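**Student:** Heads up: the protein sequence lines correspond to chains X and P, in order. Residues in the first sequence are numbered consecutively from 1, following UniProt numbering. Residues in the second sequence are numbered consecutively from 1, following UniProt numbering.
Check each hint, because a few of them may be wrong.
As the list claims (entries may be wrong) - Below, a list of computed lysine-lysine pairs in the DSSO-like style, where the Cα atoms sit at most 27 Å apart:
1) Lys147/X to Lys147/P
2) Lys133/P to Lys46/X
3) Lys70/P to Lys48/P
4) Lys48/P to Lys147/X
Just so you know, the hints here were simulated from the structure itself, not pulled from any lab data. Just so we're clear, the structure is a prediction, and the values are computed from it rather than from any experiment.
These are the residues of each chain, in order.
2 protein chains.
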Amino acid sequence: MKLDSNLKNNSITQDMKTQFRNFPMVPRVIFGSGCFSQLGDILLPKRKSSEAPFIFLVDDFFENEEFVSKVPTMFNDEIIFISADEEPKTAQVDALVAQIREKYSELPSGVIGIGGGTLLDLAKAVSILLNNKGLAKEYQGWDLVGKPALYHVGVPTISGTGAEVSRTTVLLGPEKKLGINSDYTTFDQVLLDPDFTKTVPKDQWFYTGMDCFIHCVESLTGTYLNAFSQSYGEKSMELCKEVFLGDISESDSRDKLMMASWHGGMSIAYSQVGIAHAMSYGLSYQLGIKHGIGNCLVFQYLEEFYPEGVALFNQMMEKHDIQLPKGICANLTQDDFDIMIGVSLSLEPLWENALGKDWKETITPEKLQEMFQKI
Amino acid sequence: MKLDSNLKNNSITQDMKTQFRNFPMVPRVIFGSGCFSQLGDILLPKRKSSEAPFIFLVDDFFENEEFVSKVPTMFNDEIIFISADEEPKTAQVDALVAQIREKYSELPSGVIGIGGGTLLDLAKAVSILLNNKGLAKEYQGWDLVGKPALYHVGVPTISGTGAEVSRTTVLLGPEKKLGINSDYTTFDQVLLDPDFTKTVPKDQWFYTGMDCFIHCVESLTGTYLNAFSQSYGEKSMELCKEVFLGDISESDSRDKLMMASWHGGMSIAYSQVGIAHAMSYGLSYQLGIKHGIGNCLVFQYLEEFYPEGVALFNQMMEKHDIQLPKGICANLTQDDFDIMIGVSLSLEPLWENALGKDWKETITPEKLQEMFQKI
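Could you build all of it, start to finish, from the sequences and the hints given here?
**Tutor:** Written out as structure tokens, the structure reads:
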């Protein structure tokens, strides 16, 4: 994977340049255990014709008869199962769009993403590209999308990423990893059914939940915060504490983690993440480590910067008996380190948010390499 | 004012009948001290033509040159100043709509409400009626609006009502007081500029803030709560405590109360208010007492039902040296009491939320009269 200077223009970064950002919220949300049963009624008035299908993009974790029987397909609707083992790619979006265009005489009525961040981001991107000419890579950046996306619905099946409320869809392209950041990216409808999270494997539940927790630590201790983002971030943090350190029922835990992710995502409106995300991005870029566990691998060693957050994190790790892999950076070459360090340092606003304008006095390439070497 | 059986179909009531309500959120929000300066840029792409004006409905508290100079009027835009001394009326909406229709050759580009709950509700209703035939009273009820409202923007200048995020606009009609409850009622854009609340008179600041606080107490202790509404209600409650009991700067206080109102309004999605609102509605209906102070007048005597909430309320009253009027119900006739009791008891879901399905065992007309007589 090639180091790319565009990387520094990540979504969170760019958006912070606007002091008064006019934030697009998801205009319609339904919440509750079992509310997936309402999806058919929600989609019905959005059907353009019997020839214009709904396309369901679904994590292949759910590829079984019981799940399929619950998806409210009609007419020529299609369910496409997709693996979430790898991050979503621009070529994957283009292939899906070409496949859908070729198969149907009319544009779809809409796209429904059912899964974690990967599936939600794919649904956002496919709905944009179905109504805009060209290739996905041409829209990576800020406000490059000219026409509204097709109607698109997000159904998160794991909690923590905040992708259900964000205005970006991060894609790995041939030349850069960058989001399609657009007001048209935000879902038209989100369905929050905590029942989906019953079957999440424990490690994945923890790592994705920590994505939310770490995001809140970084946002709330940062220099960019305002009262809007603070209120969402604080609530998200409290919910994370209840879920990962409290003594609550499994049902309450599912409900609360889903709301933590929701509020955590909203808190990004006028805030910024920090050191763990900057370093985690380096790990993901060079070593292909997924975002949730990458954040955890980094964050455990950041007590110097986030003492309270790391103390809480360690309590959470202990309570849930999570063993993080060790020696991830043990056998890397200097080239590997240089690339990871370059990627991390390019995310300047994340460092500035964390440490203030003089962050370069604290964080040198040497210091950062020492930090990576602990992992 | 005539007692009307339709009163019991108040907005909060009816909406609770749907377990899985698909809640419409404000699709666009901008927050920050001074962000009113962005309104012109926000409106520009929404202008349909130079002949299609924006209509600004503004609380006449702001009727001065300095304010007018800040309103981003262009072409034939119009500012209409309106008193918020009385609750908004259907006839008032109809008169505004007729006046606007007569004056302009084209439908307006949109309507902007700048003020408290009264002005926000008027802006919602006028934007609906400008794009739907007939009279406002014909749309009082649930989902009776056939066509979308004109583009409409809410700019709250006082914090607490939550009208900036709700899907209703409560109007006093010739036969009933009832909201226009519709997915089209919700604002298309909200602008949250805490600077507006600098000039709110202290009593009004307190009473309107208590609308939010009491709403949270009732919602969070109620039987209807789910995790979605709880998370918003809890955050709103925390912010109220910071604002009214904490030791924070005036600037922080304005920011936080604006967010408290926002989250408090969101918490209504799947929750319900309770006894104070039910009784306050009776006071407003029969005695014309405005909603904020009405809630306070009732709530101070509800320690039997909300012991923790009333204890906090008393602390807040003391800290801010608020003196509530006394003897409001001292010279009322039995007819007055009967009407107030009838209005209150008709709001069944509020009582059920507060006390459970067997609420009639606790609350009899005699008991309720005793409660009113304290006020």
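**Student:** Run every hint past the structure and note whether it holds.
**Tutor:** Hint check:
1. With a C-alpha separation of about 23 Å, the suggested pairing of Lys147/X with Lys147/P holds against the 27 Å cut-off.
2. For the suggested pair Lys133/P and Lys46/X, the alpha carbons sit about 25 Å apart, so the restraint of at most 27 Å is met.
3. Taking the CA atoms of Lys70/P and Lys48/P, the gap is near 22 Å; set against the 27 Å cutoff, the hint holds.
4. Proximity of Lys48/P to Lys147/X is assessed by CA-CA distance (about 18 Å); at most 27 Å being required, the pair is judged to hold.
Taken one by one, the earlier hints all hold for this structure without exception.
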